[in-house]
Structures are given as structure tokens and as C-alpha cells.
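J.: Listed here are the chains, written in short residue letters.
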Amino acid sequence: MAHQTQMNTFMGNAPMLDGDTLQIKNIAATLNTVSKAASYTVKVIDSGTVFDTTGATGAVTFTLPPVANAGCFFVFVNTVNQNMAVVSDPVDKMVYDNDAAADSLTASTSGHKIGAALLVVSDGTNWLAFAAGNGSAVFTAAT
Amino acid sequence: MPQTQMDTYMGNMPMLDPDTMLLKDLAATLRTLTKTANYTCTVNDSGTIFNSTGAEAGVTFTLPTPAAANDGCFYGFVSTSATGIAVSCADSIVYDNSIVVDSLTAETEDHIIGAALFVVSNGSKWLIFAAKNALAVFTAAAA
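Taken in order, these protein sequences are the chains called A and B.
First residue of the first sequence? That's 1 in the numbering used here, and the numbers climb one at a time after it.
First residue of the second sequence? That's 1001 in the numbering used here, and the numbers climb one at a time after it.
Hints in this document: simulated from the structure, not taken from any laboratory.
Note that the structure is predicted; figures quoted are calculated from it, not measured.
Misleading hints may appear alongside valid ones.
Calculated pairs, SDA-like style, for lysine to any residue (alpha carbon to alpha carbon, straight line, at most 25 Å) [what the hints assert, rightly or not]:
| no. | chain 1 | residue 1 | chain 2 | residue 2 |
| --- | --- | --- | --- | --- |
| 1 | A | K36 | A | V80 |
| 2 | B | K1132 | A | Q23 |
| 3 | B | K1024 | A | L119 |
| 4 | B | K1132 | A | T63 |
| 5 | A | K25 | B | V1120 |
| 6 | A | K43 | B | A1028 |
| 7 | A | K36 | A | D89 |
| 8 | B | K1132 | B | G1058 |
| 9 | B | K1024 | A | G19 |
| 10 | A | K25 | B | A1027 |
| 11 | B | K1125 | A | D18 |
| 12 | B | K1125 | B | A1082 |
| 13 | B | K1035 | B | G1058 |
| 14 | B | K1132 | A | A132 |
| 15 | A | K25 | B | Y1039 |
| 16 | A | K43 | A | G124 |
| 17 | A | K36 | A | T54 |
| 18 | A | K25 | B | K1132 |
| 19 | B | K1024 | A | V50 |
| 20 | A | K36 | A | T140 |
| 21 | B | K1132 | B | A1057 |
| 22 | A | K36 | B | A1028 |
| 23 | A | K25 | B | A1057 |
| 24 | B | K1132 | A | G135 |
| 25 | B | K1125 | B | S1092 |
| 26 | B | K1035 | B | A1140 |
| 27 | A | K36 | B | N1044 |
| 28 | A | K36 | A | D18 |
| 29 | B | K1125 | B | S1046 |
| 30 | B | K1132 | A | G19 |
| 31 | B | K1035 | B | T1083 |
| 32 | B | K1035 | B | L1023 |
| 33 | A | K25 | B | T1083 |
| 34 | B | K1024 | B | T1048 |
| 35 | B | K1024 | A | Q23 |
Only chain A is shown next, with the shape it has when bound in the complex:
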């Protein structure tokens, strides 16, 4: 197994956890991005990934991993003029607009599919949804 043996300094400082708060300070990072042109079952190890639908010629469904994986988060952005759905498996695990047991959220409104964007975070029990206010792009919940 390979190991990292040295870490560079930046402006004289070695990147490290704050000793008091155990926080990574002034985090600078890039996110993992992945395009999916077909439906995909998201994995726990995908946590932190921003998915898009570039290249899709039909609807794309992203099925979320088991909600028990607290802290996992994913971002979904529809980049084509097709429906994009984000589905919990099992159903009834998404929190969205007066419903604590939604099954799925779908960008399907004609003329407002491209650009629909959604962040979901698992709290271990539910998938908490943050839909972007990107113009009139919307998600429709199924229950």
C-alpha cells in the first residue's frame, strides 16, 4: 500500500486541522464531477459528487443509496432537455415542501428542465433537499 510521506507547505503553513476545533480551516477544494447519460444508482462512496446529465437522450433517474448513511451528500444538475429524477430507495425518505415522506423529486416542467439543480444530504433518517432557485427551474415531488 502506498503512503503519502510528505505534505507541502503553503505560504509557510502546513495544511492541518485546527487543534482546538478539529476543523479544516479555510478549506479550498474542488468537487468530484460526473456526467451520467443514463439512469444511475448513486453509491455511498460518491458522496460529495456533483452529477450532471450531459449526453442523455432520455430521462435520467438517480436512485439514492440507503438513507442510513448520515452525512452523505450529492448534487444533481440537469444539463439536458430531458426529465431528471432523484429517487429515494426505499421510498418515503425525502423532505420537501410540506412533505416529510416524499418519494422522488423530478425536473419535468417543460421549458425549465435544463438548469434544475438539487443538493441532498442524508441525516441518517431522511434525505434533506435543497433545491436551487435557478430561475423558474423547479422540481415536482412524488409521494
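Assemble chain B onto chain A, guided by the hints.
T.: Coordinates of chain B only, in the frame set by chain A:
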């Protein structure tokens, strides 16, 4: 004390890009916490996604007064109970044409569950990213 070893994950070594000092292809999970009573957020909570599952009354999350010590701190809040949540910090919240908002409250009947927002301190104000989760909204209050 220098770090001398780091395991690989799926054949890849987590590391900083030596040129940009960015964490590349960030894979991470977020911290999540449930609060059923009012709570004052701390600097150590930065990065946490709060929810209100199980609350039988409104839950108010009080933010730290923005200051250099919490510059860059961020939290997510999602109302997962029908009794709603409020996020409060006197005269320090930037939202909808005001930089001196006192609080944001999810209280619109039938659109409380699922109301979600992110807040980030810039050292002098709390910057707000409210999710557009269908009709779930926050109401701003200012003195």
C-alpha cells in the same frame, strides 16, 4: 508534528494538489444533528446540517454574532417538523434587500416542512442561500 503516512482509498491517495494546494475531487460526508429545542450554534458546529425532527414546537437556531473568529463558518438548516424553524441573529442577516435582518422563519402554513437554507459568515454578516423547495419559504423579520 508532521504526518508521516496516509492510506490509499480505491487506489488513490488523498492529497493536496501541490500546485494549487486544493483538495482535489473532494469526497466527504457532512455532519448532521437533530434539535428539538432551541439551540445556539457554535463555531465548532461549522459544516453541520441541522434538522428539527421530533420537535413539537418551533425551534430557533441562534447564530453566533458574525466576527473574525467565525469568518467562513457555515451551517445548513432544514425544517423537518410541521412546527417549523427560525434562524436568528440580530441585525446580521443578509436577505432580500436588507443587510440587517434579525431572523428568518419557516412559518407559512402548509409549506413549513422542507424549508431549507444555508448560512455562511463573512466575518461581519450572515450570508443566506435559501433553497427554493417548491413553495417552502422563509419569512424575514427586522427590527
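J.: Check the hint pairing K1125(B) with D18(A) against an upper bound of 25 Å on the C-alpha distance.
T.: It holds: about 23 Å lies between the C-alpha atoms, which stays within 25 Å.
J.: Does K25(A) pair with A1057(B) here, judged by a C-alpha cut-off of 25 Å?
T.: Violated: K25(A) and A1057(B) sit about 35 Å apart, past 25 Å.
J.: Just to be careful, I want the Cα atoms of K1035(B) and G1058(B) compared with a cutoff of 25 Å; is the pair within it?
T.: holds (10 Å)
J.: For a C-alpha distance cap of 25 Å, please report whether K25(A) and V1120(B) respect it.
T.: It holds: about 14 Å lies between the C-alpha atoms, which stays within 25 Å.
J.: Does the alpha-carbon distance linking K1035(B) and A1140(B) stay inside the 25 Å limit?
T.: holds (21 Å)
J.: With the threshold set at 25 Å, check whether the alpha-carbon distance from K1024(B) to T1048(B) stays at or below it.
T.: OK: K1024(B) and T1048(B) at ~22 Å, within 25 Å.
J.: Is K1132(B) close enough to Q23(A), meaning Cα to Cα at most 25 Å?
T.: Not OK: K1132(B) and Q23(A) at ~29 Å, beyond 25 Å, violated.
J.: Quickly compare the C-alpha distance for K1132(B) and G19(A) to 25 Å and report which way the hint goes.
T.: Violated: K1132(B) and G19(A) sit about 37 Å apart, past 25 Å.
J.: Compare the distance between the alpha carbons of K36(A) and T140(A) with 25 Å, and conclude whether the hinted pair is satisfied.
T.: holds (21 Å)
J.: Is it true that the CA of K1125(B) sits at most 25 Å from the CA of S1092(B)?
T.: Status holds; Cα separation ~5 Å.
J.: Given the hinted pair K25(A) and A1027(B), is their alpha-carbon gap at most 25 Å?
T.: Holds, at roughly 17 Å.
J.: Please verify whether K1132(B) and A132(A) have alpha carbons no more than 25 Å apart.
T.: holds (6 Å)
Checked against the numbered hints above, the structure violates hints 2, 12, 18, 23, 27, 28, 30, 32, 33; every other hint is satisfied.
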